[in-house]
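Taken in sequence, the protein lines are chains U and H. With the first sequence counted from 1, adding 5 to any position gets you our numbering. With the second sequence counted from 1, adding 3 to any position gets you our numbering.
Keep in mind that the hints were calculated from the coordinates and are not lab data. Ideal Cβ positions, reconstructed from N, Cα and C, are used throughout, including at glycine. Do not rely on the hints blindly, as some may be mistaken.
Stated by the list, open to error - Some chain U residues judged to face chain H by a derived CB distance under 7 Å, without partners named:
id : residue
1  : Gly44
2  : Ala152
3  : Gly159
4  : Asn177
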Amino acid sequence: MRSADLYLDVTATIAACLLSLVLVRALLHKLSRQAELTGTIRNYRLVPDGLVPLTAVAVVVCEACAALGLMLPQTRVPAALLACALLLIYAAAMGINLLRGRTSIDCGCGGAAHGISCLHVLRNLVLALCAVLVMASGSTRVPTGFALPTVTAGCVLALWFMFLAFDQLLGNRTHASTSQYSSVWGH
Amino acid sequence: MLPIAVTLLFVIVVAQAVAIWALSRQVGILFERVSPLGALVTDAGPAVGAQAPHFKLRSLTNDTFLTIGEPAVRTTLLFFLSPNCPVCKKLLPILRSLKSAEGDNLEVVLASDGDEAEHRRFINTYKLQRFAYVLSPEMGITYRIARLPFAILIGEDGTVRAKGLVNNREQLESLLNAKDLAVASVQNYLELNHMTERTTAQPRSVV
Chain U
6 MRSADLYLDV TATIAACLLS LVLVRALLHK LSRQAELTGT IRNYRLVPDG
56 LVPLTAVAVV VCEACAALGL MLPQTRVPAA LLACALLLIY AAAMGINLLR
106 GRTSIDCGCG GAAHGISCLH VLRNLVLALC AVLVMASGST RVPTGFALPT
156 VTAGCVLALW FMFLAFDQLL GNRTHASTSQ YSSVWGH
Chain H
4 MLPIAVTLLF VIVVAQAVAI WALSRQVGIL FERVSPLGAL VTDAGPAVGA
54 QAPHFKLRSL TNDTFLTIGE PAVRTTLLFF LSPNCPVCKK LLPILRSLKS
104 AEGDNLEVVL ASDGDEAEHR RFINTYKLQR FAYVLSPEMG ITYRIARLPF
154 AILIGEDGTV RAKGLVNNRE QLESLLNAKD LAVASVQNYL ELNHMTERTT
204 AQPRSVV
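Bound-form chain U, shown alone:
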């Protein structure tokens, strides 16, 4: 096996595991706050009110499929396509609301509730890039032996905690600038 293939396997595995963790976290957040989920989707004001419950179900099902698919090496390429589509749709939804000036709506991305900002869109684009990496590699193998799995696991863990830290800092930003809350009263 060529070493280039090995690198592809390692990169694809890292990206797939990371994405899977992110999606599982988002999914658990949505399932633990089912009552608020429809409200969060409605606040994005992108789907007609009648379709909101259906959208909520679709979002949860798609996220679950993508997260599960990314865990298995055989199915991770199509699952990455689904994850990429989801992340880009979320980024677009947030981008549209940023342009509308509705920055105080709950992001609904997992973790504590906080508003949306350009950094949320950027985060989603970076995650979508991870999904593109998995798709582009086309790799369905996981690294074997000792060294490569160790590197893979180390990278996944380090990147995962960095993601959590970034998300926490995004949440802290809203606390740090309480005076800048925009009005949710106005329509």
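On the provided structure of chain U, position chain H as indicated by the hints.
Frame of chain U; chain H shown alone:
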């Protein structure tokens, strides 16, 4: 030797990533700790103890007019909400139980602004017919409502007794407690307690 070195390096990198995450979490927790206890009171709008601005508004639920800011037989809880505020919806059952618990002592008035048809749909969907429901952009502006859900407690004498941003049952109850204890807010109460503690502690520190 090299695999051991790489493994060791990764252990260190992961440990540092965990440390960074833990630190950012602690910053978040500190932010929450320094944020006020009970309902968050803003300085804008009519102050606690001041006469509540006078409003005469038609209720959407029973088509009668009600006056706010005049001496009344019972305490009024003005609850500012919006059909597209998820936290407001979460508080509706709590308002219902509060209304049944307080009975004749408390009138709960839901207030919002915007499209009347949308609010009528909201009332029907969430079965809010038992509450008075008024639409008044002027009232929102007068009370300087910047964030929702916001609650204002008006006493029988028509003065503002307590007010604040409420996100849960505890914060809503803190407004009623503030009225019962005759202090402006729970923060104020804690401050008062702190002051008396200090004055009683003073002689001891002298000795």
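Hints, one by one, checked against the model:
1. Annotation: Gly44 of chain U was flagged as interfacial toward chain H, and the flag holds, the nearest CB pair being 3 Å apart, inside 7 Å.
2. For Ala152 of chain U, the shortest C-beta to C-beta distance to chain H is roughly 6 Å, which falls under 7 Å, so the interface hint holds.
3. Of the supplied interface hints, the one on Gly159 of chain U holds, with its beta-carbon coming within about 3 Å of a beta-carbon of chain H, less than 7 Å.
4. Because the closest C-beta pair between Asn177 of chain U and chain H is about 5 Å apart, less than 7 Å, the hint holds.
Comparing the model with each earlier hint shows no violations; every hint is respected.
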